[in-house]
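Asker: For the record, the sequence lines run as chains A and B.
Using the working numbering, the letters of the first sequence correspond one by one to residues 110 to 408.
Using the working numbering, the letters of the second sequence correspond one by one to residues 40 to 293.
Check before you lean on any hint, since a few could be wrong.
Said to hold, decoys possible - 25 Å max Cα-Cα, derived SDA-like pairs, lysine to any residue:
{"no.": "1", "chain 1": "A", "residue 1": "Lys240", "chain 2": "B", "residue 2": "Met40"}
{"no.": "2", "chain 1": "A", "residue 1": "Lys240", "chain 2": "B", "residue 2": "Leu41"}
{"no.": "3", "chain 1": "A", "residue 1": "Lys240", "chain 2": "A", "residue 2": "Glu226"}
{"no.": "4", "chain 1": "A", "residue 1": "Lys240", "chain 2": "B", "residue 2": "Leu54"}
{"no.": "5", "chain 1": "A", "residue 1": "Lys242", "chain 2": "A", "residue 2": "Ala285"}
Derived from the structure by calculation, the hints contain no laboratory data.
From a predicted model like this one, the values you see are computed outputs, not experimental measurements.
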Amino acid sequence: MADPHVIETVDLCKRYGTTDAVRGLTLQVPAGSIYGFLGRNGAGKTTTIKMLFGMTRPTSGAVRVFGLAADESHSSVEIRRRAAFVSEDKDLYDHMTVEEMIRFTAAFFPRWRRDLEERYLRAFDLPAGRKVKALSRGMRTKLALLVTLARGAELLVLDEPTSGLDPAMTEEVLQALVQHVAGGDTTVFFSSHQIAEVDQIADRVAIIDRGRAIVAGALDDLRERYRRVQIVFDGSAPDVTFRSPGVERIERNGRVLSVLSSGGAERVVEEARALGPVAVDVLPVTLKEIFLESVVTES
Amino acid sequence: MLWYKFWLDTRWRFLIGLLLLGGSAFTIVLAYPRIMQLMPMVPQADTGGELGRRIREAAELSRDYRGYIWSQWFRQQPTQLGTLFAVLLGTGGLVSSAGGGGLFTLSLPVSRHRLVAIRAATGLAELLAIAVVSSLVIPMVSPAVGHTYSVGSAIVHALCWFVAGAVFLSLALLLSTVFSDVWRPLLLTCAIAFALACFDFVFRDVNHYSVFHVMSGETYFRTGALPWFGLFASAAIAAAALYGAAVNFSARDF
């Protein structure tokens, strides 16, 4: 039976000198998913991605892609044959033309999709004869995406794919990604600190902070599990603790006590009612709130 | 296709090197009649020390055309400009590259050993082309000044230049896998070459074993025999540096 997880890391650590870039990261990325990897700048996203491609070796822990150990030289070549990577800087060869860059990349991938190459060349309106160094940032991103998508890769790993792009260009890039994935069995793993774009296209998400995954799961499941319970009192809100599982954060603000729960709202509501409040409201929580609350709680 | 990327990275250094060294060979040959006219003035020069000795030796060697070509070209250009271009052709291209794309290269399905091997092969091929083509300019242009120069001799000198030059190219490539910028490998290798040249200049008695002695083909010029020991030693050092580059590049984090 094929491995259901395209990417799997177990207690992954990477230390640079005295700095822990990644510390005990455990992730599982299911095949066919669009997986958003959220985190603040410097949270360890890029280091993790580099470890997936064997560019950086873990200090400890395991990292497997397609079931292959990414830190072994031979396996890493095989992983790079089946997966594609777009770096945050859209690192391409400045002295090549768009056409040369495409031909160069195609030579390494026997499953190169000429039809996709032509489709994206037209859709992205890329000037074939222009040097890469003369392309705008948006055009550069599109070219990086073209040489990634046309490989016929089973896994796309994108590090901040829309960084530096204007909203229109961001939308265009995201739509291209979604359409590409909809037409096949490709898994997408993309890092971002743009919550809106993760919310827009991801079906699963992991929030990483200071090298550790603090939240991970299906986006719908997270939206379902996370609830904010607002409890309003006659006078000042009491300084209380909740025994219900999943209480992430409690905030007192005048007469209002706000409880963020990652384990549903029922038990919290029961406990809240016992405190004799004027009103108890259960509110949905956005991904942005989950992100901010998780990161703040960790800090 | 990797060779094409590395060719694009280094083509301007290669073309400029070819033009400069080929041009200097061309100029040295065409200057021969004029130098011969000035030759009677040389014994009057009263310069002492190492400089005077070198001037007198060059004048002595220049009394015949083969000696002139060796003292004015093979002895000087490969060891000076040739070394500089060997260093330039070995610098960068793997991760530190003027053309960018370091992470893109690392994301290709190619082992790091293969990357180093193709990068080294591209640089060595360019160095060989510079050595052979600019050396062949001499036999080709010599009839224009009423002389001949053996194609075989030119090829042997080019071979000595190439093998000894490979030491500096490989050293630059090794340092390019250590440092992430282009400048430190370039400057450090140039500094090493300069230090070796100074050592040669000061310790003339032992310079038979120096890489510049091999590069200039002095043994071949004076005795007609190839400097086998020097060639093998240079090739071994270059191979060791390239092996070190491959090992270091494979072990690095990016």
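Asker: For Lys240 (chain A) and Leu41 (chain B), compute the direct alpha-carbon distance and say whether it is at most 25 Å.
Answerer: Judged against 25 Å, a Cα distance of about 18 Å means the pair holds.
Asker: Between Lys242 (chain A) and Ala285 (chain A), is the straight-line Cα distance small enough, at 25 Å or below?
Answerer: Holds. Lys242 (chain A) to Ala285 (chain A) sits at ~23 Å (cutoff 25 Å).
Asker: Taken at face value, is the distance from the CA of Leu54 (chain B) to the CA of Lys240 (chain A) at most 25 Å?
Answerer: Distance of about 20 Å is within 25 Å: holds.
Asker: Are the Cα atoms of Lys240 (chain A) and Glu226 (chain A) separated by 25 Å or less?
Answerer: holds, 18 Å
Asker: Given the hint that Lys240 (chain A) pairs with Met40 (chain B), test it: the Cα-Cα distance must not exceed 25 Å.
Answerer: OK: Lys240 (chain A) and Met40 (chain B) at ~18 Å, within 25 Å.
The earlier numbered hints are all upheld by this structure, with none contradicted.
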